[in-house]
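Build out the structure end to end from the sequences listed, making use of the hints.
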Amino acid sequence: MELTKHYDPAATESKWYAHWNGLGYFNSIPDNRKPFTVVIPPPNVTGVLHMGHTLNETVQDILVRRARMSGFNACWVPGSDHASIATEARVVAMLREKGIDKNSLSREEFLKYAYEWKETYGNIIYGQIAKLGCSVDWNRTNFTMDDHYYKAVISVFVDLYRKKLIYRGARMIHWDPSARTALSDEEVEYREVEGTLYFIKYPIVGTAEFITVATQRPETIMGDTAVCANPEDSRYHHLKGKKILIPLVNRQVPMIFDDYIDTQFGTGALKVTPAHDINDYTLGLKHGLQVIDTLNEDGTLSPAAEIFVGMDRFEARKKVVERLRNEGFLLKEEAYLTRVGYSQRSHAVVEPRISTQWFVKMKPLAGPALEQVLSGEIRIHPGEKFLATYKYWLENVKDWCISRQLWWGQRIPAWYDSKKRFVVAENEETAITAYRQEFGGLQEGEILTQDEDVLDTWFSSWIWPMEVFRGITEPDNREFRYYYPGSVLVTGQDIIFFWVARMIMAGMEYENEKPFSDVYFTGMVRDKFGRKMSKSLGNSPELLKLIEKYGADAVRFGIMISSPAGNDLLFDEAGMEQGRNFNNKLWNALKLVRGWSSRQAEMAGKIEDPEMNFAVTWFENRLNQGKNEIQQLISSFKLSEALKNLYSLIWDDFCSWYLEWVKPGYEQPIPPTIYAKTISFFEELLQWLHPFMPFVTEEAYHLLKDRKPGDDLCIKQFGSPGEADSKILMTGERLRSLLAAGREFRQQHHLKNIEPINRIVLSVEIFGNNQSLYTIIRRQLNASVIDFKTNEPGNDQPIHLIPFMGHQIGFQTGKKVDVVKHRKNLEEELSYYLGFLESLNKKLSNERFMHNARPEVVALEKKKKEDTEEKIAAIKLTLKS
RNA sequence: GGACUGCUAGCUCAGCUGGUUCAGAGCGCUGCUUUGACAGAGCAGAGGUCACUGGUUCGAACCCAGUGCAGUCCA
26 MELTKHYDPA ATESKWYAHW NGLGYFNSIP DNRKPFTVVI PPPNVTGVLH
76 MGHTLNETVQ DILVRRARMS GFNACWVPGS DHASIATEAR VVAMLREKGI
126 DKNSLSREEF LKYAYEWKET YGNIIYGQIA KLGCSVDWNR TNFTMDDHYY
176 KAVISVFVDL YRKKLIYRGA RMIHWDPSAR TALSDEEVEY REVEGTLYFI
226 KYPIVGTAEF ITVATQRPET IMGDTAVCAN PEDSRYHHLK GKKILIPLVN
276 RQVPMIFDDY IDTQFGTGAL KVTPAHDIND YTLGLKHGLQ VIDTLNEDGT
326 LSPAAEIFVG MDRFEARKKV VERLRNEGFL LKEEAYLTRV GYSQRSHAVV
376 EPRISTQWFV KMKPLAGPAL EQVLSGEIRI HPGEKFLATY KYWLENVKDW
426 CISRQLWWGQ RIPAWYDSKK RFVVAENEET AITAYRQEFG GLQEGEILTQ
476 DEDVLDTWFS SWIWPMEVFR GITEPDNREF RYYYPGSVLV TGQDIIFFWV
526 ARMIMAGMEY ENEKPFSDVY FTGMVRDKFG RKMSKSLGNS PELLKLIEKY
576 GADAVRFGIM ISSPAGNDLL FDEAGMEQGR NFNNKLWNAL KLVRGWSSRQ
626 AEMAGKIEDP EMNFAVTWFE NRLNQGKNEI QQLISSFKLS EALKNLYSLI
676 WDDFCSWYLE WVKPGYEQPI PPTIYAKTIS FFEELLQWLH PFMPFVTEEA
726 YHLLKDRKPG DDLCIKQFGS PGEADSKILM TGERLRSLLA AGREFRQQHH
776 LKNIEPINRI VLSVEIFGNN QSLYTIIRRQ LNASVIDFKT NEPGNDQPIH
826 LIPFMGHQIG FQTGKKVDVV KHRKNLEEEL SYYLGFLESL NKKLSNERFM
876 HNARPEVVAL EKKKKEDTEE KIAAIKLTLK S
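Under my numbering, the letters of the first sequence match residues 26 to 906, in that order.
If you're looking for bench data, these hints aren't it; they were derived computationally from the structure. Keep in mind the model is a prediction, meaning the values are calculated, not measured. Mixed in with the good hints there might be a few duds.
[Unchecked claim] For each label pair, taking beta carbons as the anchor points, the in silico distance ranges come out as: (1) Lys777 with Gly690: 10 to 20 Å; (2) Asn304 with Lys444: 30 to 40 Å; (3) Lys40 with Glu602: 34 to 44 Å; (4) Pro393 with Ile332: 51 to 61 Å; (5) Lys386 with Lys40: 48 to 58 Å; (6) Lys777 with Gly860: 31 to 41 Å; (7) Lys444 with Asp184: 18 to 28 Å; (8) Gly401 with Gly690: 56 to 66 Å; (9) Arg404 with Ala898: 47 to 57 Å; (10) Glu872 with Lys777: 54 to 64 Å.
Beta carbons are placed, not taken as given, at the ideal position from N, Cα and C, and that holds for glycine.
Here you go:
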């Protein structure tokens with residue numbers, strides 16, 4: 026079969042994915058091997074996969090495939106996350122486009138739409154994961170709202186409530202007026218914003234005086250219930266006991282004093298609005314102030330505001346300022362840089378709001394989670410970057426607000442009676458029993474009603490590593506005992522608190538065992554200018570289109586080649602082009618080697634014995650060296666470095682050097698032994714590359730040789746790499762330098778490749794008498810004869826001597842060459858070495874160096890001196906001739 | 001404001017405990033090369049005061065201190 030000119034990924038990828046999957050290679054069941062467990066960070070069912078996912082999934086697939094090929098029972102669990110608030114927002118928007126208002130729907134009707142949405146996007150995501158080549162076990166797909174998963178989340182809630190680690194209470198929380206729900210602290214993102222500081226005059230009751238306060242939020246003055254100054258601040262001492270009149274609403278409030286106030290900020294006087302600022306809230310509690318909530322849950326002004334009722338908060342701000350100005354209360358305005366909190370999901374400006382919500386007590390959970398990481402039980406990669414952040418967060422963690430005023434998610438298992446007394450229980454039935462026990466029977470006709478709210482989506486994902494194996498619902502099942510704890514978690518650094526820390530907490534709380542041993546943080550994928558990827562910038566490429574254009578292997582290559590762990594990755598299609606070219610290089614090497622299969626024939630001479638063939642011996646050792654390096658890099662999670670090494674091992678060492686060295690001449694035969702060695706080298710390279718680029722390698726593996734059924738690269742086990750002989754490697758280096766020197770000579774003297782070099786003269790000390798080496802030199806440099814008459818110029822034709830590794834080599838051609846230029850180059854080289862020698866001499870005659878430096882360093886310097894002197898001698902000799 | 005990380009070639013990054021001719025790789029760039037695997041290629045080449053300033057040391061890209069710039073997290 027004739028192979029195409031270029032490798033065609035589209036033709037092979039779906040074929041191999043179906044093949045692997047069909048034979049169950051990705052499916053795992055417990056056996057006597059060691060497990061290698063990875064749970065996918067479940068993508069949100071909000072949309073399609075982006076480049077961040079692509080990076081994560083690729084990294085995981087590399088690790089999983091490699092483990093599968095290294096004797097482990099590899100199990101990679103796929104799944105998706107219901108992503109409560111994010112998905113609900115998308116569904117609401119989708120409905121709005123259809124002209125349907127969420128509020129006109131019942132909970133059940135809405136959930137029907139949400140499940141439809143989940144079905145559509147969940148499947149798109151799974152399709153993308155498959156396209157990318159991910160070797161996930163499709164029999165183990167989990168969704169965070171699956172029945173068993175739902176039950177698990179509820180039972181964790183009930184359990185933590187019973188342990189008093191969950192409580193309900195009125196607290197100041199972050200409110201998202203757009204999604205109309207509470208948020209956790211982590212779901213708020215702060216940004217610096219240009220704001221205005223308004224200086225407002227508040228009349229002092231019973232006097233003609235004013236007190237001026239500075240505020241960024243004039244629309245909240247209707248909720249003011251005090252004015253406060255620092256007790257040390259002499260400017261306001263005379264106001265003790267006075268009442269202040271709130272402009273526009275004309276309410277009298279007390280003047281209070283507290284050392285919380287910063288005398289330097291603004292005027293040193295603060296308006297206190299306990300309902301709308303966390304600090305004011307605390308101050309209000311301390312001083313027993315009234316709380317007036319002037320906002321509705323959608324961010325419009327409530328009746329309590331008295332004026333501008335029903336108007337949006339930002340509109341109201343303008344109106345309030347306008348009226349304050351008109352009525353003479355506005356003293357001045359100043360530009361002011363301030364920090365504003367935005368909802369991570371809806372991007373609305375969040376409001377501090379007092380509200381009754383459910384919370385998880387975090388301190389007791391944080392301790393063990395911190396200990397796991399600090400003790401090294403869990404290793405974070407790259408550690409130096411994230412350890413401090415992790416530690417700081419856990420040491421300062423605040424209670425976690427887990428209730429959300431949404432429908433899409435696990436509904437909070439609390440049941441209330443008409444007096445708002447409640448019990449927490451798995452379901453309605455047990456709730457009734459529990460209620461009887463606690464409060465006696467229900468009144469005639471009274472029913473218990475379940476809490477309307479659902480749980481934070483992270484309250485479900487924190488048990489992901491356990492419940493995908495039914496570890497919460499059936500804690501002692503065999504699979505869970507086998508697969509848990511997992512091996513490595515690969516995820517983005519942006520969810521270190523949302524998810525990683527909390528999974529460790531849950532693991533410690535429920536299993537007293539970490540959920541994974543290693544955490545590999547990937548960076549954020551940005552565009553090639555370093556900007557975040559976003560729809561509005563149009564710089565977020567579609568995964569499927571990229572795969573269509575370059576092939577999945579090339580996409581994987583492109584994203585891996587430049588992604589050192591933890592660093593942001595600048596996405597550039599050039600990397601994918603490089604990957605595609607790499608595919609093609611492999612493809613063409615394959616074509617070359619396949620062409621030899623019918624040309625195998627015995628040849629006279631020692632070259633047939635692979636032991637005697639330098640190319641074979643050298644590559645064998647080079648391959649071992651490469652494998653050892655790559656193994657080292659992978660085990661320290663330096664995947665992009667490992668890929669780079671493989672790339673150059675294949676492209677440079679194998680294709681550019683080895684294959685050229687063993688390549689038979691035009692229509693010449695190749696010894697079967699050499700052919701067999703070449704096939705086995707190629708196979709090994711494909712195997713090592715397979716975890717990174719699974720498709721092209723599997724295809725090439727099968728085209729290289731006929732395979733028995735079941736002999737697939739996907740499950741082929743690695744052998745352990747042998748030792749590399751450094752002497753042979755050194756000879757290889759020397760050979761490569763010689764070939765380079767010969768090519769440079771040709772280039773400099775415009776000697777075309779088809780014009781032979783008549784004679785090469787070199788010292789026998791350089792390469793000894795391995796004949797196959799000289800064959801390589803003659804063929805690669807197109808030289809007719811090789812002579813060993815050291816330092817002896819030829820007779821009839823001029824010979825051109827070049828210093829080489831302390832010796833000199835000569836090239837004799839029929840052509841005239843540019844002697845002047847040649848000499849000039851040599852002289853330049855000579856002066857460089859003379860300078861270097863001088864610095865060495867200086868160092869060696871420095872007594873302090875000789876005294877203080879380690880002996881081996883001194884020996885090294887002496888060796889350098891000898892080498893340099895040899896080289897100088899060789900150059901001088903060359904110049905003389 | 002606090003903490004962390006980074007600053008090495010045009011770009012993206014290696015450079016392990018200070019010491020080989022150590023200033024590197026890939027991409028890009030420049031030149032040359034088209035019948036025998038591959039122009040999606042081959043060969044060769046040019047490119048850097050290792051952010052700056054001081055210090056420690058026989059010796060600093062590497063250690064220490066300070067400065068500047070960038071990014072991230074937390075107030």
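Hint check results:
In this structure the hint that lysine 777 and glycine 690 lie 10 to 20 Å apart at CB holds, the actual value being about 18 Å. Distance hint for asparagine 304 and lysine 444: a CB-CB separation of about 34 Å, consistent with the stated range 30 to 40 Å. In this structure the supplied range 34 to 44 Å is violated for lysine 40 paired with glutamate 602, their Cβ-Cβ distance being about 24 Å. Taking 51 to 61 Å as the suggested C-beta distance range, the pair proline 393 and isoleucine 332 conforms, at roughly 52 Å.
Restraint check, lysine 386 to lysine 40: a C-beta distance of roughly 54 Å satisfies the suggested window 48 to 58 Å. For the pair lysine 777 and glycine 860, the beta carbons lie near 36 Å from each other, so the given range of 31 to 41 Å is met. Distance hint for lysine 444 and aspartate 184: a CB-CB separation of about 26 Å, consistent with the stated range 18 to 28 Å. Separation of glycine 401 from glycine 690 is about 59 Å and conforms to the stated range, judged on CB atoms against 56 to 66 Å.
Judged by the Cβ atoms, the range 47 to 57 Å given for arginine 404 and alanine 898 holds: they are separated by roughly 54 Å. Checked against the hint of 54 to 64 Å, the pair glutamate 872 and lysine 777 passes, with Cβ atoms roughly 56 Å apart.
The structure does not agree with numbered hint 3 stated previously, though it agrees with all others.
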